[in-house]
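Chains B and D, in that order, give the protein sequences.
Everything in the first sequence is counted per the UniProt record's numbering, starting at 1 for the first residue and increasing by one.
Everything in the second sequence is counted per the UniProt record's numbering, starting at 1 for the first residue and increasing by one.
For the record, the hints were derived by calculation from the structure and aren't laboratory data.
Bear in mind that the values here come from a model prediction, so they are computed numbers and not experimental data.
Built from N, CA and C at the ideal position, the CB exists for glycine as well.
Don't take each hint at face value.
Partial selection, computed: residues in chain B whose CB lies under 7 Å from chain D [as the list claims (entries may be wrong)]:
| id | residue |
| --- | --- |
| 1 | Y27 |
| 2 | Q40 |
| 3 | N79 |
| 4 | K83 |
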Amino acid sequence: MKLTIEQVRHVANLARLSLTPEEEQRYATQLSAVLDAVAQLQELDVSGVEPTSHATLAASLLREDVTRPSLPPEKGLANAPSKVGTSFAVPKIIE
Amino acid sequence: MELTDLSMLELAAKLAAGEVSSVEVTRACLARIAQVDGKVKAFLCLDEKGALAAAEASDARRKAGSPASPLDGVPIGVKDLFLTEGVPTTAGSRILEGFSPPYDSTVVGLLKKAGLPIVGKLNLDEFAMGSSNESSAYGPTHNPWALDRTPGGSSGGSAAAVAAREVFGALGTDTGGSIRQPAAFTNLVGIKPTYGRVSRYGVIAYASSLDQVGPMARTVPDTAALLQLIAQHDPLDSTSAPVEAPNYSEDLEGGVRGLKLGVPREYFIEGMDPEVEATVRQAMAAYERLGATLVEVSLPHTKYALATYYLLAPAEASSNLARYDGVRYGLRAKDAKGLREMYGQSRDRGFGSEVKHRIMLGTYALSAGYYDAYYVRAQKVRTLIRQDFTKAFEQVDAILSPASPVPPFKLGEKTDNPLSMYLMDVFTLPCNLAGLPGLSLPCGFTKSNLPIGLQILGKPFDEARLLRIARAFEREHDFSRRLAPL
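Model the full assembly from the supplied sequences, consistent with the hints where possible.
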């Protein structure tokens, strides 16, 4: 399956990656090759087969809805590239 | 023999006998690192102060007659994917440059509690995505057996540090073979435990339904002892299994007489290195001499495992790596105008080529219009692969195979072709898809002295039997005792 540059740009946008034109070209070629290789899965009849999301877990992964200790704000903010008081600071969102 | 040439348990015996102190041996490791790591490049970060403080505390416990564990005082290293409080953790990526975790991962906490000085953080493929260590943003690690070759990946730094005798053992992670393939490439024992056996709390995620933490060491008893320290239920990890770990060292010498060992007919493929095939077949024959019965088994969906893995793992990775957005930690593009541009530029600058490749692939597989055709179908094929193993294990106690189709390859040999690199995982990744335990064991060398590994796969939570099977071979052969010429 040949991916077009437009499709690569669309996927990059979904993935929040700003690719250079050279990267777009490279990923178009590489991803097309990988998608060709994985196309072999289409030859299998999987009707009636249940999907496996976790190999060894049958139980629900949801934990009890109870309060647990969490990081204190100063530790949570310690690696922030930018912060204001007890908040993470980001560039202006609303134009 | 140098102090650093000892196995973990040999060293533990000397520590117990008072023949050497943990501080002395930690200093010996640091000296060895200073001597050889310029060539091997296994370490991304040393924690000399922390390791020596831990060693002093261990010596004090020993003096008071209360060692914290059988490996108290034995210096080790951990893959730079494990959060270590106050010690930089990068996942091999520029996007986490300068990140100092505010807490320890559970496994690191367990090692500290058991008294093992953690000497430093070990190199890896960026976010554990790779089979050669070459996708690390900090340059590749070199194989101590041949410096122009890869130590494998993604836990290549962990493998190389142990093989180079810089530390006595290490922790790695295995999503598609990332413990077993580097163990095979560096003449180590490495085990990927059953999914859920070891906590992943505080371990930077790659593909959450496949990732598992495991130990790497030079001998089977060392590997068993290290696994013992980390194999326990963790309420902080909702995927951690509430299954009690047995004593892995207790039945290690039990042998293989009477066991049925499966040989999958689909695991000897075209293009496999002839020396690897011959050596692995010799190892299988050795098991027959030791009293096991070899039984041919079929895993008919093996040929679909690679495609299944390379849809599911990137899909999960694209989701997991969405958290690196420049907001809370890690690299932020400072000159970006607006939030959207900041996300895009931060991620583009922070992630390397292979990571971007997998994020793109995963995002595509999960996107509207393709989700059912790629992601859901791959999950269904995963079910078929699991069923193959379930059927095989109705006939046999464990399965033998090569760990890698080739011996360690040269650095740079496969970097331009992702598909060729992905083929390196062809024997290891079905085990991750099925959530099974798998072990790699030194089983011989090529004519040019490159290590070859035998893979042993087992039933869920059957790590003890895998270790026993591995030990039966190790006892009869000296491969594990051979040291890298460095």
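For each hint, the structure was consulted:
| no. | hint | verdict |
| --- | --- | --- |
| 1 | Y27 | holds, 5 Å |
| 2 | Q40 | holds, 6 Å |
| 3 | N79 | holds, 4 Å |
| 4 | K83 | violated, 9 Å |
Comparing the model with each earlier hint shows a violation of hint 4 alone; every other hint is respected.
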